[in-house]
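Participant: Residue numbers (our numbering), protein chains in the order written: chain S, 338 to 681; chain X, 338 to 681.
Since the hints were derived computationally from the structure, they do not count as laboratory data. Certain hints may be false.
All copies of an identical chain are treated as equivalent in the list; a pair is satisfied when it fits inside any one copy or across any two copies.
[Claimed, not checked] Cut-off 27 angstroms, straight-line C-alpha distance, at most; resulting in silico cross-link-like pairs (DSSO-like, lysine-lysine):
(1) K520 x K532
(2) K618 x K353
(3) K532 x K403
(4) K580 x K340
Computed from a predicted structure; not experimentally measured.
Number of protein chains: 2
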Amino acid sequence: MKKGCPFGSHRVIEPKGLLPQAANKIDNSTEIYSNEILIDVLTLNIDSASFTQIKESCKNDAEKVKERIIEIVNDKGKMQNPVTGSGGMLIGIVEKIGSEFPHKDLKVGDKIATLVSLSGTPLKINKIKKINLENEQVDIQGKAILFESAIYAILPTDIPEKLALSALDVAGAPAQTSKLVKKGDTVCIIGGGGKSGILCSYQAMKNTREKGKVIVAEHSVENAKRIKELNLADELIIADATKPLEVYQKVLEKNNGKLCDVTINNVNVPNTEMSSILITKDSGIVYFFSMATSFTKAALGAEGVGKDLTMIIGNGYTKGHADLTLQILRESSEIRNLFEKLYA
Amino acid sequence: MKKGCPFGSHRVIEPKGLLPQAANKIDNSTEIYSNEILIDVLTLNIDSASFTQIKESCKNDAEKVKERIIEIVNDKGKMQNPVTGSGGMLIGIVEKIGSEFPHKDLKVGDKIATLVSLSGTPLKINKIKKINLENEQVDIQGKAILFESAIYAILPTDIPEKLALSALDVAGAPAQTSKLVKKGDTVCIIGGGGKSGILCSYQAMKNTREKGKVIVAEHSVENAKRIKELNLADELIIADATKPLEVYQKVLEKNNGKLCDVTINNVNVPNTEMSSILITKDSGIVYFFSMATSFTKAALGAEGVGKDLTMIIGNGYTKGHADLTLQILRESSEIRNLFEKLYA
Ligand SMILES: NC(=O)c1ccc[n+]([C@@H]2O[C@H](COP(=O)([O-])OP(=O)(O)OC[C@H]3O[C@@H](n4cnc5c(N)ncnc54)[C@H](OP(=O)(O)O)[C@@H]3O)[C@@H](O)[C@H]2O)c1
Ligand SMILES: NC(=O)c1ccc[n+]([C@@H]2O[C@H](COP(=O)([O-])OP(=O)(O)OC[C@H]3O[C@@H](n4cnc5c(N)ncnc54)[C@H](OP(=O)(O)O)[C@@H]3O)[C@@H](O)[C@H]2O)c1
Numbered sequence: 338m339k340k341g342c343p344f345g346s347h348r349v350i351e352p353k354g355l356l357p358q359a360a361n362k363i364d365n366s367t368e369i370y371s372n373e374i375l376i377d378v379l380t381l382n383i384d385s386a387s388f389t390q391i392k393e394s395c396k397n398d399a400e401k402v403k404e405r406i407i408e409i410v411n412d413k414g415k416m417q418n419p420v421t422g423s424g425g426m427l428i429g430i431v432e433k434i435g436s437e438f439p440h441k442d443l444k445v446g447d448k449i450a451t452l453v454s455l456s457g458t459p460l461k462i463n464k465i466k467k468i469n470l471e472n473e474q475v476d477i478q479g480k481a482i483l484f485e486s487a488i489y490a491i492l493p494t495d496i497p498e499k500l501a502l503s504a505l506d507v508a509g510a511p512a513q514t515s516k517l518v519k520k521g522d523t524v525c526i527i528g529g530g531g532k533s534g535i536l537c538s539y540q541a542m543k544n545t546r547e548k549g550k551v552i553v554a555e556h557s558v559e560n561a562k563r564i565k566e567l568n569l570a571d572e573l574i575i576a577d578a579t580k581p582l583e584v585y586q587k588v589l590e591k592n593n594g595k596l597c598d599v600t601i602n603n604v605n606v607p608n609t610e611m612s613s614i615l616i617t618k619d620s621g622i623v624y625f626f627s628m629a630t631s632f633t634k635a636a637l638g639a640e641g642v643g644k645d646l647t648m649i650i651g652n653g654y655t656k657g658h659a660d661l662t663l664q665i666l667r668e669s670s671e672i673r674n675l676f677e678k679l680y681a
Numbered sequence: 338m339k340k341g342c343p344f345g346s347h348r349v350i351e352p353k354g355l356l357p358q359a360a361n362k363i364d365n366s367t368e369i370y371s372n373e374i375l376i377d378v379l380t381l382n383i384d385s386a387s388f389t390q391i392k393e394s395c396k397n398d399a400e401k402v403k404e405r406i407i408e409i410v411n412d413k414g415k416m417q418n419p420v421t422g423s424g425g426m427l428i429g430i431v432e433k434i435g436s437e438f439p440h441k442d443l444k445v446g447d448k449i450a451t452l453v454s455l456s457g458t459p460l461k462i463n464k465i466k467k468i469n470l471e472n473e474q475v476d477i478q479g480k481a482i483l484f485e486s487a488i489y490a491i492l493p494t495d496i497p498e499k500l501a502l503s504a505l506d507v508a509g510a511p512a513q514t515s516k517l518v519k520k521g522d523t524v525c526i527i528g529g530g531g532k533s534g535i536l537c538s539y540q541a542m543k544n545t546r547e548k549g550k551v552i553v554a555e556h557s558v559e560n561a562k563r564i565k566e567l568n569l570a571d572e573l574i575i576a577d578a579t580k581p582l583e584v585y586q587k588v589l590e591k592n593n594g595k596l597c598d599v600t601i602n603n604v605n606v607p608n609t610e611m612s613s614i615l616i617t618k619d620s621g622i623v624y625f626f627s628m629a630t631s632f633t634k635a636a637l638g639a640e641g642v643g644k645d646l647t648m649i650i651g652n653g654y655t656k657g658h659a660d661l662t663l664q665i666l667r668e669s670s671e672i673r674n675l676f677e678k679l680y681a
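Bound conformation, chain S alone (with noise of 0.2 angstroms):
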């Protein structure tokens, strides 16, 4: 068996010299180089703007989305939807181990979910055995390859699939948030109300305890009231984070006058970054997991109001996030029984 690059560029067809995602088309042949392993696919869980973009092209007609999906996956090699660009996830079982697989805990015939996108996975789809349109569930029959630098975590057996899929998209989000938040620290969490929102929330006020104090800010009265009621949040702002002097004020306002030490912002809107630098004190941290971030704006506008802060990109991934995250919805039940509720 040949040993391939770590980061798959050994399986890229064309423009060589890029990295699996970025390629336009890869190699899915089913026979692994010796840092790969094999994965036997059950489900593909589609992002949700490339489903949603195929099903309207396809005027919601199952058999269609069926086609557009073999014959995206048969040209590029990959499940990257070439309008949105996305991909998703999958859950499958392992089949094979390269004998130079670094993960030594991984065993055939483990149930596993890809926490790399899909946009850059090696698969191969034999037959599409069903699709829900509703949830963006496609099982199937078919094949995928890990490279060796790619993520993944075990499938716990306590914990329903779907309901651990939905909290393992965001498991970047309340690891981090574990990393940054110390004993004491005074934090805002900004949409807190929505789904990596109430994660991190949780977090934060486990780390903060017991000196600490946690703020959630949040848009609708509706997610503040669920915050409440998890006791989820020290303090409740209600605010909309495109507003800089009226978060800025409100926070003051509930935190005697003073800023946070941490801040994390998990809204879903663009123009949310002069809230987070303004809520947070010099030499203080902003923690930047919306994807609606701009690198420019962030930059500019901190520099612009003379903050000294270090602002965080956030990375999806941190080691052990997939495990934290899992704990959560065990140690929580109301946060459990939330997330079958809404997402699940």
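We have chain S already, so just place chain X with the ligands on it with the hints.
Facilitator: Showing chain X with the ligands alone in chain S's frame:
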């Protein structure tokens, strides 16, 4: 005297609720609030993108350029090019200091450069005295206001103004390098041959001694040669930073198969996120100073290759950045001479 908002929102005319930089029109009246200062302006250094746009739209006619600048400032109360959105910096003499302005180092009569963008600075022009179509400098008779949160540097007497300004423009980069790089670290400076890159390389050489290593990755043979002559790197790589695998392999070659502790990205072109991520070791730091950085490419890129990195958005400001940067020009006559030749 009334006290204004620390960020200047009291001078926003419309739309209300935004900060001065994001606003369409701000109040440029020269009566100051108690936490503001009034500057007697000498010279505007118009941002290069803005000046080029104005010159082109005025067909290089100096009189027309003057009129256009006056028109913009009368209209918006600040020198923000409506097409490019950008501003620039100014040089002037401190004329009045409000009693509640917090920085007590400043005296009436000090000559300062503002280090926040003109795009958020109240400005009134009485007369344009001289315009230089080559170097983007506009000598005026006029007044500007700085808010409590604004940053500025008192101009040194031992360094010519233009030279000081050219270095202050990128002062955040070497100052952040100094905060992030420790003795013994292996550091790669991508785009190390440019203006900010040279300052970062100098600072990294200083901070890593005796045991560390500085690798400079440059695009052109010419810039690389300069770095070698200035002794600003332990190792030099000539590579295209938009080609991640090329950069990755060359770094491994120069560093005994090992990755870097800290990577500083100073290029001025897009699509260099992946190179920066690949060459940095797990738990290492990537500092993106380049404004061409894409937030999503960095976040998804790191996840895609399972890298547990801290990725930092290059804030243009950090405490002491102006002093540190001017100090480099004092310490290194080679860099000073080069900057004088290239940028002053
Ligand atoms: N960095 C990564 O690797 C990574 C990975 C996955 C996801 N993400 C990103 O993380 C973000 C959040 O994902 P999610 O699944 O947690 O989304 P979500 O469940 O939709 O949550 C978003 C939250 O933001 C709130 N919000 C929206 N507009 C707001 C405003 N103007 N002011 C204050 N709050 C506002 C929403 O409140 P209302 O419902 O009340 O409006 C909601 O609670 C997304 O941008 C997503 O792209 C990043
Ligand atoms: N974050 C902030 O607050 C802030 C403030 C000011 C400036 N900036 C940004 O900082 C960046 C650098 O500014 P600067 O004034 O230092 O620019 P610069 O002097 O033009 O330097 C850019 C350097 O990047 C190199 N480069 C270009 N393409 C490359 C490639 N494909 N591979 C490797 N190297 C490449 C250039 O080398 P060649 O000449 O050989 O091509 C040059 O040495 C800009 O993006 C600017 O917007 C940020």
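Participant: Honestly, which of those hints from before does the structure not fit?
Facilitator: 3
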